[in-house]
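> For the record, the sequence lines run as chains L and R.
Just so we're aligned, residue 1 is where the first sequence starts under this note's numbering, counting upward by one.
Just so we're aligned, residue 118 is where the second sequence starts under this note's numbering, counting upward by one.
Hint data in this document are derived by calculation from the structure and do not stem from the laboratory.
For each residue, glycine too, the CB sits at the ideal point set by N, CA and C.
Please note that the accuracy of each hint is not assured.
To be verified - For the chain L half of the interface with chain R, some residues (derived, Cβ under 7 Å), not all of them:
#1 PRO8
#2 ILE12
#3 PRO40
#4 LEU44
#5 PRO86
#6 SER89
#7 ILE93
#8 PHE108
Take a look at the letters that make up each chain.
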Amino acid sequence: GAVVSQHPSWVICKSGTSVKIECRSLDFQATTMFWYRQFPKQSLMLMATSNEGSKATYEQGVEKDKFLINHASLTLSTLTVTSAHPEDSSFYICSARAPGSSSYEQYFGPGTRLTVT
Amino acid sequence: SQKIEQNSEALNIQEGKTATLTCNYTNYSPAYLQWYRQDPGRGPVFLLLIRENEKEKRKERLKVTFDTTLKQSLFHITASQPADSATYLCALDPGGGDKIIFGKGTRLHILP
Numbered sequence: 001g002a003v004v005s006q007h008p009s010w011v012i013c014k015s016g017t018s019v020k021i022e023c024r025s026l027d028f029q030a031t032t033m034f035w036y037r038q039f040p041k042q043s044l045m046l047m048a049t050s051n052e053g054s055k056a057t058y059e060q061g062v063e064k065d066k067f068l069i070n071h072a073s074l075t076l077s078t079l080t081v082t083s084a085h086p087e088d089s090s091f092y093i094c095s096a097r098a099p100g101s102s103s104y105e106q107y108f109g110p111g112t113r114l115t116v117t
Numbered sequence: 118s119q120k121i122e123q124n125s126e127a128l129n130i131q132e133g134k135t136a137t138l139t140c141n142y143t144n145y146s147p148a149y150l151q152w153y154r155q156d157p158g159r160g161p162v163f164l165l166l167i168r169e170n171e172k173e174k175r176k177e178r179l180k181v182t183f184d185t186t187l188k189q190s191l192f193h194i195t196a197s198q199p200a201d202s203a204t205y206l207c208a209l210d211p212g213g214g215d216k217i218i219f220g221k222g223t224r225l226h227i228l229p
């Protein structure tokens with residue numbers, strides 16, 4: 001149980017285009033999903049917290065107009081990187097939390113490798 | 118400033134020995150601390166959680182200690198195997214109970 005999937009697992013896009021990454025909880029409902037970004041040999045950096053049916057909460061320094069998050073259902077959150085640039089190339093990982101659970105009960109997806117050329 | 122530091126970027130251990138990884142934190146008072154394993158190109162996988170009132174937690178060949186006075190957690194893998202080679206991340210709740218933050222990780226190489 002507690003499986004989280006991401007799609008696509010990798011994507012290459014041209015500079016200036018937008019790309020959407022999906023995060024799904026497969027066997028549980030997730031009221032809260034988290035989006036992280038990880039650069040090579042660096043830690044996972046929390047970008048935003050997404051609650052179903054409400055606006056995402058972004059961490060300091062993360063541009064909300066560039067990284068659009070939509071959490072339209074209890075099993076799906078999407079991250080759209082708008083007007084992508086090479087510096088946005090990174091490994092994007094989502095996690096999901098079930099209703100009523102503590103912050104530590106997060107289940108992580110396998111990640112999406114974004115390369116912007 | 119608030120920091121989570123893991124002792125070394127990389128650690129080489131001979132197969133069969135015990136690997137010990139360190140996580141130190143500054144200016145946090147976490148109610149718990151977690152350890153994750155991350156393989157290249159994959160998301161992190163939860164291993165163990167230890168609460169502030171627990172000194173030690175074990176799971177098979179894994180052992181975690183938590184010293185809130187030293188603000189340190191140690192993660193041990195006994196009888197290490199090449200399959201244990203991965204990056205190990207520590208994580209904690211910075212307060213508020215709504216998110217966790219991660220250290221940079223330690224890349225562990227178990228040498229056959």
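> Would you mind marking each hint as holding or not holding in the structure?
Consistency of the hints with the structure:
1. Violation of the interface hint for PRO8 of chain L is found here, the shortest Cβ-Cβ separation to chain R being roughly 13 Å, above the 7 Å cut-off.
2. With a least beta-carbon distance of about 15 Å to chain R, the hint placing ILE12 of chain L at the interface is violated under the 7 Å criterion.
3. Interface restraint check: PRO40 of chain L against chain R, minimum CB-CB distance 10 Å, threshold 7 Å, status violated.
4. Because the closest C-beta pair between LEU44 of chain L and chain R is about 5 Å apart, less than 7 Å, the hint holds.
5. The beta carbon of PRO86 of chain L is not positioned within 7 Å of any beta carbon in chain R (closest approach about 20 Å), and the interface hint is therefore violated.
6. Given the 7 Å rule on beta carbons, the hint for SER89 of chain L is violated: about 14 Å separates it from the nearest Cβ of chain R.
7. Of the supplied interface hints, the one on ILE93 of chain L holds, with its beta-carbon coming within about 5 Å of a beta-carbon of chain R, less than 7 Å.
8. A cut of 7 Å between beta carbons decides the hint on PHE108 of chain L: the least distance to chain R is about 4 Å, and the hint holds.
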